[in-house]
Amino acid sequence: MFRFILSRLLQAIPVLLIVITATFFLVRAAPGGPFSAEKAVPPEVIKALEARYHLDQPMWQQYFGYLNDLAHGEFGPSFRYPGRTVNELIAGGLPITAELALYAMLVAIIIGVCAGVFAALKPNTPQDYIPMSAAMLGICMPSFLMGPLLVLIFGIWFEWVPVSGWGDLPGDKILPAITLGAGYAAFLARLSRGGMLEVMSQDYIRTARAKGLPEWVVVLKHGLRGGLIPVIAFLGPAFAGLLSGSFVVETIFQIPGLGRFYVQAAFNRDYTMILGTTVFFATLIVLFNLLSDIVAVWINPKLRHQLRDGT
Amino acid sequence: MLLEVDNLTTHFHTREGVVKAVDGISFSVNRGETLAIVGESGSGKSVACYSLLKLIPQPPGKIVAGRALFEGSDLLQADNKTLQQIRGNDIAIIFQDPMTCLNPYLTVGEQLIEPLIYHHNISRKEATQRAIEILGEVGIAAPEKRINSYPHEFSGGMRQRVMIAMALITEPKLLICDEPTTALDVTIQAQILGLVKALQLKRNIAVIFISHDLAVVAGVADKVAVMKDGLIVEQGPVDDIFYNTQHDYTKKLLASIPEGAKPSLSDIENNPLLTISGLKTHFHDYSGGWLKRNQKVIKAVDDVSLNIQQGEILGLVGESGSGKSTLGRSILQLVPVTSGHVVFDDTELTGLSPAQMKPMRRRMQMIFQDPYASLNPRMTVFDTLAEPLLYHGLATRKTVTEQVLALMDDVGLAHSAIRKYPHEFSGGQRQRIAIGRAIATKPELVIADEPVSALDVTIQAQILDLILDLVEKHHLTMLFISHDLSVVRYIADRIAVMHHGKLVETGRTESLFTAPQHAYTQRLLSAIPVADPVRERQRQVTLMEPASDS
Amino acid sequence: MPKPVPEGQIDQAEKGTSLWKDAWVRLRKNTLALCGLWVILFLCIIALLTPLIAPYGYEQQNLLLGAAPPSAEHWLGTDIFGRDMLTRIMYGSRVSLMVGFIATAVALFIGVLWGTIAGYAGGRVDAVMMRLVDILYALPFMIFIVLLMVVFGRNILLLFLAIGAVEWLTMARIVRGQVLSLRRQEFVEAAISLGLSRWTIIRRHLIPNTLGPVIVYTTLTIPSVMLLEAFLSFLGLGIQPPQSSWGLLISYGVETMEEYPWLLLFPGLTLSITLFSLNFLGDGLRDALDPRASKN
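Protein chains in written order, with the working numbering: chain L, 2 to 312; chain U, 728 to 1277; chain V, 215 to 510.
Keep in mind that a hint or two might mislead.
To be verified - Once the Cα atoms are required to be at most 20 angstroms apart in a straight line, the calculated DMTMM-like pairs of lysine to aspartate or glutamate come out as:
1) U:Lys781 with L:Glu216
2) V:Lys235 with U:Glu743
3) L:Lys303 with U:Glu837
4) U:Lys1085 with V:Glu472
5) L:Lys222 with U:Glu837
6) V:Lys235 with U:Glu1151
7) U:Lys1085 with V:Glu403
8) U:Lys1229 with U:Asp1211
9) U:Lys955 with U:Asp975
10) U:Lys1007 with U:Asp949
11) U:Lys852 with U:Glu864
12) L:Lys303 with U:Asp956
13) L:Lys123 with V:Asp501
14) V:Lys235 with U:Asp1110
15) U:Lys781 with L:Asp204
16) U:Lys1169 with V:Glu403
17) U:Lys929 with U:Glu760
18) V:Lys243 with U:Glu743
19) L:Lys303 with U:Glu880
20) U:Lys747 with U:Asp956
21) U:Lys808 with L:Glu216
What the hints assert, rightly or not - Now the stretches of chain V that chain U is said to cover, found in silico as 3 or more residues with beta-carbon under 8 angstroms:
22) 247-257
23) 287-301
24) 391-402
Calculated directly from the structure, the hints in this document are not laboratory data. We treat Cβ as the ideally placed atom computed from N, Cα and C, and that holds for glycine.
One chain only, chain L, in its complex shape (with noise of 0.2 angstroms):
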């Protein structure tokens, strides 16, 4: 088990020193330096913010420097913050955006692995019609489309609850969770849908209702189990998803957390805090996708000998 984490890990070393690598050159390619598009500073001034962020140094040195920085955790300063860390930045908007994902991720779990499984007890009845075209609502309805209409319905029509915000009025946290998390829940009851209908047609489902046990227990004990398994390789992917979509969400509901601090900083060229955001979210995303690998490997038995080889 731990041999097995511990080689997940060290593969992931150098995919993120690509996503390093890659963002640092990106950044540094960039046409203009952060500082040009100011007018009316004196060169001496220039010179002294770049000495300031190390950008007279040969490239490669700076890599370096910024590969030790962040080896021990630091992001650097953020150029457009003057006297603030992107660390002190991520970590004002980290727990919000955490927060946010936390409640889209359960919302979409819930609500999709219920309605997947549901709709796949009884396939081409009306109990897995409606749920599934309501889930083909979810996909073709892009969350920068439902936010805003929601908003539109519930928060200014109905007034029922507050149109933006984040913890400053009670019940504000719902429509960003709900927007955020709708596509996913969505996505996952058709993953569900489908892993459960290939498992309930399974022959040794047949053996466990053969043996006379309830129809809950054939369902949740030998179905689940199996029908589930796409829906955990998905989990990865959708975490990474739900980081981009906070992007949106964030910006629709003016939600003070880190997707609204990158998008910022994007039309800033605030190129350290890009920089800093890009290499946090990417780390974020692979020790995730490394989680539900796990996770995925755990919960199949053939394939758990891999935990105890550690291949």
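Given chain L, work out where chains U and V should sit, using these hints.
Frame of chain L, contents of chains U and V only:
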């Protein structure tokens, strides 16, 4: 009577209309008795038994009429709750394929104790104790350890033992065995059949035994019902069915069993068309990773030397995993050979480049096992048969249609089918197309890899006769690979026996059958069931002993 | 001896139904998928003919009119600059559909090539090639695309390439899986034992049999690509005004949705209907081409 079924009728509603899968059948079975239901695929024999417990998918299936009195109460009228209590408790089922019928995500122990926990309401600890006992009883070593294993950690035969244990753990009154040995090798089959018989005697239970194999039925049944197209065409005591056959279909089934040996050629000349010496084909298993230390080497063919004489049919026999198919593919250079020599008509085949191999390929062809996988689903009969002709320059665009039609005549396909696609044919017809493709290039050597094992017994007989005809007509030399000894006996002049990648014995068909030399051959031969109840009864005495010991 | 066959005999032969024909028959019974197909075709024609048939110029403003609700002159209303929404949406469809098709084509090209080579070569080549795909899978591409758009400006060509570069991974996996399982099929072995050349086998036996899943996946990739473009445009990182795309129109619509809801509604509806159509078509194709479906 323990179970009395009357006028059971089950229909399936499909897009093409109503299929009368079971069309008003009646049968009965009593304690201690074995009723065998025999039929070919699609005859409705499994559906009939699943209908009793409502285990057919509904919809599209629907039980339309009938009565099934089990201990006096009608199963077909029972509500779901009553039925749940009967399933697995009073009536248990052993399914055909032990590979897919056990839940791969749960330990064997967990699956074993389930029926006990739900039916007898006893504690997990007691149930586990009972599970360990019964695993021991069905012949699984170290049951207290194995109980925590997952199904994939067992071999096919062992899984079937687990299935049997699972069915018997609640001490049911009726056991339904649906082709319980069809997926197993013949030696394992003998063990499993012996085990079922012993357990039945010990517990005095009723058994319904579903099978397509009359030879197996001859050994296990007290009563036999023969099914065809949803109807029971004939039923009665086993001896009547075999020795006093009434219905034409039953006669046809019995006649289709390949029996006796081929009258052997007076003497086979020593004029080998193919000579194999020291052939080794090893595979590397990369699943453990790329590192050397994790790789396993599988010795599929391990130092085999063999001749195939001009004009003979050499039968190659072995159980699954013995390497017989790999040997066939190694001869044709379809798999990379590790070392050794394959000499075909004075040409060394190993190490030839694809271009050098091309003219040789015309002269040696292969017939594959699965007629569903061996034809390209997107090519018509014409495309499939014309491809080898055109590619090897044996026909021109002008003459190709004529030659394809001649080939279709040869293998017994109607001309009108020339533009049809494989999915529009039955299994037997597909195998005819595949045979047509193999003989299209007028090859000298044909390697037939289990060509009839995916087919029903009546179709199997037709295809075997077709192969014999073609061998004679086109003066073919053939390597006939099969796990089925009676088929090989029927068709082959000489037989070679393979075991664990090695050739253990080679000999003329009759002498090998009458006086097998190697211990493995003897074991193999003693395990073959014969379609003769009297002989089967005598044989069981010797077979049952090891099973009752364990 | 083969008998001479009169020519007429073959003309009378029963016409076989190929799997393609079978699939088409099944697809035709699927009303939703068929509707999807017609909607997509309709949209494509509209997009092609937009410069000819659009009622107004796409920058033609009527500031006096301002944001007007739908009317006889402006079927879908006008935006705050008095520009005709129908025209804007039509021009937007050109960008959105183009991104969808071109980026998918890029993904298709790389993915099929990569997958076929890996699947056909097998062994170590396959292992190395697929390991690379695994590693790329683990990269957070969405974030990279945002980064690319920031760094290199909102370049539409770059957008095609970037999106195509993300989507090819799944395509490669699907094709590779198909080729790998086909290679083990006996009919490919039969082709090898007939002595057919590698290229003939790929052309005649492998490609026709991988086509089904590839078509299905292509149909499902187009909507996800269009969604990605709309997403970026919504954030202001995709298409630049005054060019229009559905994502951009939606993002403007959101700003004024309280006062002028039709500015959000119509572009949103158009995007959703398109995505619906493509997804239904893809689902329908999957059902129609699935050999297991033909058995019941």
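Hints and how they fare:
1. U:Lys781 with L:Glu216: Holds, at roughly 13 angstroms.
2. V:Lys235 with U:Glu743: holds (18 angstroms)
3. L:Lys303 with U:Glu837: With a Cα-Cα distance of about 16 angstroms, the restraint between Lys303 (chain L) and Glu837 (chain U) holds, given a limit of 20 angstroms.
4. U:Lys1085 with V:Glu472: violated (75 angstroms)
5. L:Lys222 with U:Glu837: Holds, at about 11 angstroms.
6. V:Lys235 with U:Glu1151: holds (13 angstroms)
7. U:Lys1085 with V:Glu403: Answer holds: Lys1085 (chain U) to Glu403 (chain V) is near 14 angstroms, not above 20 angstroms.
8. U:Lys1229 with U:Asp1211: holds (18 angstroms)
9. U:Lys955 with U:Asp975: holds (11 angstroms)
10. U:Lys1007 with U:Asp949: violated (48 angstroms)
11. U:Lys852 with U:Glu864: holds (19 angstroms)
12. L:Lys303 with U:Asp956: The given pair, whose Cα atoms are some 40 angstroms apart, is violated under the 20 angstroms limit.
13. L:Lys123 with V:Asp501: With a Cα-Cα distance of about 18 angstroms, the restraint between Lys123 (chain L) and Asp501 (chain V) holds, given a limit of 20 angstroms.
14. V:Lys235 with U:Asp1110: At roughly 17 angstroms apart (the allowed maximum being 20 angstroms), Asp1110 (chain U) and Lys235 (chain V) satisfy the hint.
15. U:Lys781 with L:Asp204: This hinted pair holds, its Cα atoms lying about 15 angstroms apart.
16. U:Lys1169 with V:Glu403: Satisfied, since the Cα-Cα distance of roughly 19 angstroms is no more than 20 angstroms.
17. U:Lys929 with U:Glu760: holds (12 angstroms)
18. V:Lys243 with U:Glu743: With a Cα-Cα distance of about 15 angstroms, the restraint between Lys243 (chain V) and Glu743 (chain U) holds, given a limit of 20 angstroms.
19. L:Lys303 with U:Glu880: The given pair, whose Cα atoms are some 9 angstroms apart, holds under the 20 angstroms limit.
20. U:Lys747 with U:Asp956: holds (8 angstroms)
21. U:Lys808 with L:Glu216: holds (10 angstroms)
22. 247-257: With 0 residues in contact (Cβ-Cβ under 8 angstroms with chain U), the coverage given for the segment 247-257 of chain V is violated.
23. 287-301: violated (count 0)
24. 391-402: holds (count 3)
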